[in-house]
Amino acid sequence: MRIDLDGLRTGPAQTWGAIRLVPLLRDRPVEGLRLHRIAYSEEPRWSAVRLSSKLSYYSYVPHGFVADWDRDGGDRGESAAFGTQILDETKDKRGSVLGMPMQVHRRMTQKLGKRRARFLPLHFAIEGYLALHFGGPDIAWREWSDRVLRHGLSPRMEASYRGTAVADLQDALKVFEIHEGQCGVLLYAADALAAAFVVPHPDDYRELHPTLMLDHYGELIYQYALMMPPVKEFRAGITEDVDTLAELRAAAEEQGAQWAEFHDRVMANALLDRDYTAELGYVMGDFELVRFRPAFKPGEENHIGEAITDREGAIAYLKTYRLSEAQVRRGYLLETLATNGWRLSAAAKAIGTTAEDLRGRIRAAGFEMILRQKETAAGSTK
Amino acid sequence: MVAAEDVLLFVNAATASTGQREFSENAEQQSISLSFLHEYMRVNYRELYAATLALGINDHNAMLAVRGLLGNARDVSAEQKAIEGRLIAATLMRLSPPRVFRLFKALQRDGVNNRRTRAIIRDWMTALDNPAYHAVKYRSGFKAGLKHAHVDFGDGELRDFLFGPLQRKPYTTPILETWRQAHYDRNVLYKLPYTVAEGFAAKHGVKREVFIERIGTQMTPLEKLRTDREPVDPLAVLEGSAKYCGPQQIPWLTRLAVRILALPLDERAARRAELTDGMRRFARSEAGDLAGTWGRVTAVLDDSFSSFGSPVKRRRPLAVALATHFLLEALAAPGQYTPLWMSGRDDPLLSYPSGATPLGTRLLDALETAPTRIVVVSDGWDNSPPGLAGEVLRVWRTRLDPARRVDIVHVNPVFNAEGLDVRALSPLVPSVGIRDAEDLVLLVELAQFAQGRVGLPELLAYLDDRVRRFLGAD
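First to last, the protein sequences are chains E and V.
Going by the working numbering, the first sequence opens with residue 4, and the numbers climb by one from there.
Going by the working numbering, the second sequence opens with residue 27, and the numbers climb by one from there.
Chain E with its partners taken away, still in its complex shape (with noise of 0.2 angstroms):
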């Protein structure tokens, strides 16, 4: 899958500190899909969601967003929401874990009537990241260990960092003027694309522009607002000659122009020139709900992300989680495995290196424990 931004185009780029927001903006709205938010709790409290009966995905979920599809067609009673839903949490049950609140989701995406589900953004994403390979190696090589062929990967963890942790992350969405027509942002922070987010409508782009406040951000995201001095604000320049009022407001619209054009050269468009591996999640209506994840190459810019896209392609709702460099190799290291069969020799092979190398490789990325023990003895002495 490619992600395909027709129907949006980026408008004047704001800037504060090292962080840079670009706004994506629709001639016209998509029609029949909605998105609004629900408010799980304000106090930061861990919660479980229940994948199957023996999975659950435990993190911290702030929000979730319920999608509304194909509004004139009979469901207008329950649409009609706007603002902050609070979840009725006496229908859940309540369990605990160390004595911390929690609270309890039924499945990453749930149908809460007829034309509307609520999911957890970007954490059904980053679960389809952390369910790669999850169930490990196929077939028994004597170098995995026995755990790992049990239980698989589990438990499988990733961190990373809240919208409120990143520097000046709050007071550029603060001081962010919204455009008209404005459904969607890209992020950066000291230039490299944090986050893209999309949604289908300009007031649902205002109801759930706060809500990047509460979102995930890679470890180098984190880094790069908080180490990187501002980035380069675009300044306008008249240096032409002018002579009348007249050449002046042409002066003045050129420099308007270039500045509109200013941040699609200094924008990275390694977001879209990649392809994805696409998983539908969803099926709403004439809309898809889908989570993609990138080749994981080392090195390079990698997002994961989830999408609506219509029937066409093309997108109505985006949100990425930009990978850190030991988040992309923890990918590429799994995927390697895979596609060479879980074979440790014939994977180091593949990428031209020893099966030693490879074995240092997975200690490193924190897979320690998928390794035989024994086989890690053996190793080392060598």
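Keep in mind the hints are simulated off the structure, nothing from the lab.
Heads up, the beta-carbon is just placed ideally off N, CA and C, and yes, glycines get one too.
Some hints here could point you the wrong way.
Claimed, not checked - Label pairs and their computed distance ranges (CB to CB):
{"hint": "1", "chain 1": "V", "residue 1": "LEU376", "chain 2": "E", "residue 2": "LEU283", "range": "27 to 33 angstroms"}
{"hint": "2", "chain 1": "E", "residue 1": "ASP30", "chain 2": "V", "residue 2": "ALA53", "range": "37 to 43 angstroms"}
{"hint": "3", "chain 1": "V", "residue 1": "ALA288", "chain 2": "E", "residue 2": "ALA162", "range": "54 to 60 angstroms"}
{"hint": "4", "chain 1": "V", "residue 1": "ILE58", "chain 2": "E", "residue 2": "PRO233", "range": "16 to 22 angstroms"}
{"hint": "5", "chain 1": "E", "residue 1": "THR280", "chain 2": "V", "residue 2": "ALA296", "range": "54 to 60 angstroms"}
{"hint": "6", "chain 1": "V", "residue 1": "ILE58", "chain 2": "E", "residue 2": "THR356", "range": "54 to 60 angstroms"}
{"hint": "7", "chain 1": "V", "residue 1": "GLU239", "chain 2": "E", "residue 2": "ALA317", "range": "47 to 53 angstroms"}
{"hint": "8", "chain 1": "V", "residue 1": "ASN70", "chain 2": "E", "residue 2": "PRO233", "range": "54 to 60 angstroms"}
{"hint": "9", "chain 1": "V", "residue 1": "GLU31", "chain 2": "E", "residue 2": "PRO233", "range": "48 to 54 angstroms"}
{"hint": "10", "chain 1": "E", "residue 1": "ASP30", "chain 2": "V", "residue 2": "GLU239", "range": "40 to 46 angstroms"}
{"hint": "11", "chain 1": "V", "residue 1": "TYR378", "chain 2": "E", "residue 2": "ALA317", "range": "41 to 47 angstroms"}
{"hint": "12", "chain 1": "V", "residue 1": "THR152", "chain 2": "E", "residue 2": "PRO233", "range": "23 to 29 angstroms"}
{"hint": "13", "chain 1": "E", "residue 1": "ALA317", "chain 2": "V", "residue 2": "ILE58", "range": "49 to 55 angstroms"}
Stated by the list, open to error - To spell it out: a stretch of chain E is covered by chain V in this simulated footprint if at least three of its residues, at any positions, have a beta carbon under 8 angstroms from a beta carbon of chain V; those stretches are:
{"hint": "14", "segment": "164 to 176"}
{"hint": "15", "segment": "180 to 193"}
To be verified - The calculated lysine to any residue pairs, modelled on SDA-like cross-linking and capped at a C-alpha distance of 25 angstroms, are:
{"hint": "16", "chain 1": "E", "residue 1": "LYS177", "chain 2": "V", "residue 2": "ARG47"}
{"hint": "17", "chain 1": "V", "residue 1": "LYS339", "chain 2": "E", "residue 2": "TRP19"}
{"hint": "18", "chain 1": "V", "residue 1": "LYS195", "chain 2": "E", "residue 2": "LYS177"}
{"hint": "19", "chain 1": "E", "residue 1": "LYS177", "chain 2": "V", "residue 2": "PRO337"}
{"hint": "20", "chain 1": "V", "residue 1": "LYS107", "chain 2": "E", "residue 2": "ASP313"}
{"hint": "21", "chain 1": "E", "residue 1": "LYS177", "chain 2": "V", "residue 2": "GLY314"}
{"hint": "22", "chain 1": "V", "residue 1": "LYS339", "chain 2": "E", "residue 2": "PHE370"}
{"hint": "23", "chain 1": "E", "residue 1": "LYS177", "chain 2": "V", "residue 2": "LYS217"}
{"hint": "24", "chain 1": "E", "residue 1": "LYS177", "chain 2": "V", "residue 2": "SER380"}
{"hint": "25", "chain 1": "E", "residue 1": "LYS300", "chain 2": "E", "residue 2": "PRO213"}
{"hint": "26", "chain 1": "V", "residue 1": "LYS339", "chain 2": "E", "residue 2": "ILE181"}
{"hint": "27", "chain 1": "E", "residue 1": "LYS235", "chain 2": "V", "residue 2": "ASN52"}
{"hint": "28", "chain 1": "E", "residue 1": "LYS177", "chain 2": "V", "residue 2": "ARG430"}
{"hint": "29", "chain 1": "E", "residue 1": "LYS235", "chain 2": "V", "residue 2": "GLY314"}
Given the coordinates of chain E, work out where chain V should sit on it, guided by the hints.
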């Protein structure tokens, strides 16, 4: 020259900033910047610093300045002390009583209790025309002032009321007697000042609506505005209200603008005639003799999203723009006024903060109307595209209008703490801080100094004149 620049910088800050949170900066940043500026001015240019009290700096800063002057007077000459004393006394007369009492409490906390301080407190308190009223309404502040400055009113009843024992019955002073009775009788409390009666009403369990209905005339106009008691016919607010003590000037035009912007859009549209009429009446009385004398005026008014201000100064920058709109309408020659809102909307009464700030484009529109004067009301965050306004003004001033035929002034309601000044659009156009639209005329006067065309001697002469007028007024 440096001194002149510093004074103007300080006046900008002290007019615009109230040490509260702004759109892009928090309260700490604002107050740290402010306190630095106050100390810098006090140490380096004490005479000028004291004189700025006459320049209409806002109440928050006037209070800070008085505190600083009284608290740090070790090596100051006697003449300087004398003039400072008169300036401070005049300032206290201008401030609202709650602020003055807050100042007394602050002086008490600071441990400032020199002879001059005591004398100033004593003079202010003994000059009150109804001490018993103040003692009831501002009890703790009144008490703090009395204690701190060792003031003796020689009124045993008042002393007993404040310091006990509370055994007198009945009091001969009517308001004290009312206060005593209000403890037992819920019908008496409506004769007390609003804020005091509020406490008794709660004690007696009087319903809020009933209380508000009956307290009516005991509320000051500002209290009426605060409690939402049909405030919008502006003259009706002023009539039939409790009087303020002391000659205070309340910026009604800006207050009303704030009030109007707090109304829902539908209500504003429904009461359009009434609201417009009220604003116009205030603007006309503000303009006074100057009405219609400014010639052809074009205003560039900022209603971008940042004019929302902050939760503690809700829509303040927008309110200043709205009030300025009506004031300029009155000041300009009839029919010669063009308002240009940032968003392109043309209904000032229905304005709300949204969108970006295309200042450069709007300035071009303004220049095209061929005015004699352009007034820009904006926080100076020119971001669509960034810096275009500065470029337009630069080219205009250097290439198209070097003779300065068009007088351009930028008034900025937001203090930029990081830059220690209000954000300027261009070095070629003066930017001055503004708090209430009513100060516009004076600020435009002051702006000529900001352009660097007029030097320190002229500024000093101007300051002297302002000080004389300020002291002569009371």
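Going through the hints against the structure:
For the pair V:LEU376 and E:LEU283, the supplied restraint of 27 to 33 angstroms is violated, since their beta-carbon distance comes to about 47 angstroms. The beta-carbon spacing between E:ASP30 and V:ALA53, approximately 41 angstroms, falls within the hinted interval of 37 to 43 angstroms. Between V:ALA288 and E:ALA162 the C-beta distance comes to about 44 angstroms, which lies outside the given range of 54 to 60 angstroms. For the hinted restraint 16 to 22 angstroms between V:ILE58 and E:PRO233, the CB-CB distance of approximately 21 angstroms keeps it satisfied.
As the Cβ distance of E:THR280 to V:ALA296 is approximately 57 angstroms, the hint placing it in 54 to 60 angstroms holds. Distance hint check for V:ILE58 and E:THR356: the Cβ-Cβ separation is about 56 angstroms, which falls inside the suggested range of 54 to 60 angstroms. A C-beta distance of roughly 60 angstroms is found between V:GLU239 and E:ALA317, which places it outside the suggested range of 47 to 53 angstroms. For the hinted restraint 54 to 60 angstroms between V:ASN70 and E:PRO233, the CB-CB distance of approximately 32 angstroms leaves it violated.
At about 27 angstroms, the CB distance of V:GLU31 to E:PRO233 disagrees with the hint of 48 to 54 angstroms. For E:ASP30 and V:GLU239, the Cβ-Cβ distance of about 54 angstroms falls outside the hinted range of 40 to 46 angstroms, so the restraint is violated. With their beta carbons about 33 angstroms apart, V:TYR378 and E:ALA317 fall outside the hinted range of 41 to 47 angstroms. A beta carbon spacing of about 56 angstroms between V:THR152 and E:PRO233 contradicts the range 23 to 29 angstroms that was offered as a hint.
Distance hint for E:ALA317 and V:ILE58: a CB-CB separation of about 50 angstroms, consistent with the stated range 49 to 55 angstroms. A count of 1 residues in the segment 164 to 176 of chain E with a Cβ less than 8 angstroms from any Cβ of chain V is obtained; the coverage claim is therefore unmet, three being the minimum. Interface restraint, the segment 180 to 193 of chain E with chain V: holds (4 residues with C-beta to C-beta distance below 8 angstroms; minimum three). A hinted pair counts as satisfied when its Cα atoms are at most 25 angstroms apart, and E:LYS177 with V:ARG47 qualifies at roughly 13 angstroms.
For the suggested pair V:LYS339 and E:TRP19, the alpha carbons sit about 22 angstroms apart, so the restraint of at most 25 angstroms is met. For a cut-off of 25 angstroms, the pair hint linking V:LYS195 to E:LYS177 is broken: about 59 angstroms separates their Cα positions. Only pairs whose Cα atoms come within 25 angstroms are accepted, and E:LYS177 paired with V:PRO337 is accepted, the gap being roughly 12 angstroms. Simply put, V:LYS107 and E:ASP313 have alpha-carbon atoms about 78 angstroms apart, too far for the 25 angstroms limit, and the pair is violated.
At roughly 41 angstroms between alpha-carbon atoms, E:LYS177 and V:GLY314 are farther apart than 25 angstroms, so this suggested pair is violated. Only pairs whose Cα atoms come within 25 angstroms are accepted, and V:LYS339 paired with E:PHE370 is rejected, the gap being roughly 54 angstroms. With a C-alpha separation of about 47 angstroms, the suggested pairing of E:LYS177 with V:LYS217 is violated against the 25 angstroms cut-off. The suggested pairing of E:LYS177 with V:SER380 holds, with an alpha-carbon distance near 13 angstroms, which does not exceed 25 angstroms.
For the proposed pair E:LYS300 and E:PRO213, the alpha carbon gap of about 32 angstroms is over 25 angstroms, so the pair is violated. A hinted pair counts as satisfied when its Cα atoms are at most 25 angstroms apart, and V:LYS339 with E:ILE181 qualifies at roughly 21 angstroms. Between the alpha carbons of E:LYS235 and V:ASN52 the distance comes to roughly 24 angstroms, so the proposed pair stays at or under 25 angstroms and holds. For a cut-off of 25 angstroms, the pair hint linking E:LYS177 to V:ARG430 is broken: about 38 angstroms separates their Cα positions.
Our distance criterion of 25 angstroms between C-alpha atoms is broken by E:LYS235 and V:GLY314, whose separation comes to about 48 angstroms.
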